[in-house]
Amino acid sequence: MAEHIIRLQGVTKEFDTKGGKVVALKDINLDIERGDSYGIIGLSGAGKSTLVRTINLLEQPTEGKVIFNGSTLTGLGNKDLNLHRRRISMIFQQFNLLMQRDAIGNILFPLEIAGVPKAEALEKAQELLKVVDLEDRAHSYPSQLSGGQKQRIAIARALASDPEVILCDEATSALDPKTTRSILALLRKINEERGITLVVITHEMDVIKQLCNKVAVIEYGEIVERGEVSEIFKKPKTKAARKLFFPDGQSHEKPLTKTSTRNRVRLVFDEATAGEPIIANMIMEVGAPVNFLYANLDVLGGSQKGQMVICLAADRQTAEKQKEYLTAKGVEFIEIDEDETFGEEAEK
Amino acid sequence: MDTQTLIQLLGEGTVQTLIMTLVGTLVSYIIGLPVGVSLIVTGPNGIRPMPAYNKVMGFLVNVIRSMPFLILMIAFMPYIRMVIGTGIGTWATTSALILAAWPFVARMVEQSLLEVDPGVIEAAQAMGASNMQIIRKVLLLEARPSLLNGAAVATITILGYSAMAGTLGGGGLGDIAIRYGHYRFQPTIMWITIIVLVILVQIMQEIGIKLAAKMDNRIN
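Protein chains in written order, with this note's numbering: chain A, 1 to 348; chain B, 1 to 220.
Isolated chain A, as found in the complex:
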């Protein structure tokens, strides 16, 4: 088993507000293994930003323990905590670059803090500019850079201290889709080639699909479901996870129909089941048609997964036969409740 680089044990965070106590995190237990790209997904207000900030103790948990690399961070003095923090970098939605320093000056910043000798630091910063493909912008100021370029500089800055973990707080939420893809590809490369553990906070399922191997779904300050992304994609158990993994409004497609809400199933195909015309065969075998409601192809951590929502035959017997056929063929499917929605409504 790989070692746990980050462990949260019974982490609870309460905020005192004018309206009384607000519980932002409730008894969170989370183990992240070295080399993971661990996604934490939830709607805004679910507590995911607070959660990621407890990892480097930007937020002090009210209760519970944060363990990094075997040492307990909670309860440490500032000096010791700062030493550990240098091993945990962070990137942000708003980039948070120093506006008065140029690109290379920003990358030098964590090295200055750590007291790295100037010549060595400069060499490293220049090398990191290459890693993020911005060698030619060394002396540009953040105000002269695009959003994507700013995030690349922020990533180079995050790499400067040779971290073991990078916390990504909605790192692509302020970027357009094309830039988002290139930033995610860069982060993926960093995770794979350097073995740096990523903790990815996002509200976008696409980010999880493209970047993460594991995911935790957080709702109202609690982790309601967690596991391998491919597993949860196949069989999301909780409503929250279903809402996130079912075809959603991001494609901006209206659901084909709202009339048939009964007997709907969601199928997931992977490389093993995609080669065969299973649905066509099922129709011929059982002798009853199905109604197609939705279909698309996802790329999940590099491998393709298809998902499809179909409406089975109206009478129960035929529908059972169809389900049996699917099970026999090894296609993963789950039934969708009558009151569950997908399409644009699912966003709410």
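Careful, some of the hints might be misleading.
Simulated crosslink set (EDC-like; lysine to aspartate or glutamate; CA at most 20 Å straight-line) [to be verified]:
id	chain 1	residue 1	chain 2	residue 2
1	B	214	A	102
2	A	79	B	110
3	B	55	B	110
4	B	137	A	102
To be clear about the criterion: a stretch of chain A counts as covered by chain B if any three or more of its residues have a C-beta under 8 Å from a C-beta of chain B, and this derived list gives those stretches [said to hold, decoys possible]:
id	region
5	89 to 101
6	203 to 209
Just so you know, the hints here were simulated from the structure itself, not pulled from any lab data. Beta carbons are placed, not taken as given, at the ideal position from N, Cα and C, and that holds for glycine.
Following the hints, complete the assembly by docking chain B onto the known chain A.
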């Protein structure tokens, strides 16, 4: 009064005013800058909240700021005389200026530092920067343009105070305006000192704006 004497008088007055203003501003910053930084750092959203210190210092700053400069100068005159041996002249006025101006400077500094993006401070904390490193490398540097603009405003305000101090025998251009322009009914001298003061203010403002713009890397 012949032109020669007038020019000499105005020259000495201008030099005195500049000394009072610049020394006054400098010392006010030596006191006010750390106080302003401490107000931000110990504030409720600061990097090291210290509610008791913050309240007490904030109150002290407000008390002194609510006293009009002339009243403050008169009230503190006996103490200034005790410390530096005289209640009139350039150095007595400079002392009074510092006494009145440091809280003003502290508030200006506080305002400038408030403009620093909290996200950048958070990023520095996440990197493991100590509070001292955050103050020196993030707060003061990111706020530099605003601090320079503030310094120009502070210098001009202190120049205004020094002219007021002239009514109490404080020396400098204000003193000349009162003694010659007012008491001896020489409106020409009055207006000449006013023109010299206007020119001084213009120069200081220009330097402040130019320097702040030159030091600001956000606009290009």
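Structure-based check of each hint:
1. Taking the CA atoms of residue 214 (chain B) and residue 102 (chain A), the gap is near 15 Å; set against the 20 Å cutoff, the hint holds.
2. Note on residue 79 (chain A) and residue 110 (chain B): the hinted pairing is violated, with a Cα-Cα distance of about 27 Å set against a maximum of 20 Å.
3. A C-alpha spacing of about 14 Å is found between residue 55 (chain B) and residue 110 (chain B), which places the hinted pair at or below 20 Å, so the restraint holds.
4. Proposed proximity of residue 137 (chain B) and residue 102 (chain A) is supported: the alpha carbons are some 14 Å apart, at most 20 Å.
5. With a threshold of 8 Å between beta carbons, the proposed coverage of the region 89 to 101 of chain A by chain B holds, since 10 of its residues qualify and at least three are required.
6. Counting residues of the region 203 to 209 of chain A whose beta-carbon sits less than 8 Å from any beta-carbon of chain B gives 0, not enough to reach three: the coverage restraint is violated.
The structure shown violates the earlier hints numbered 2 and 6.
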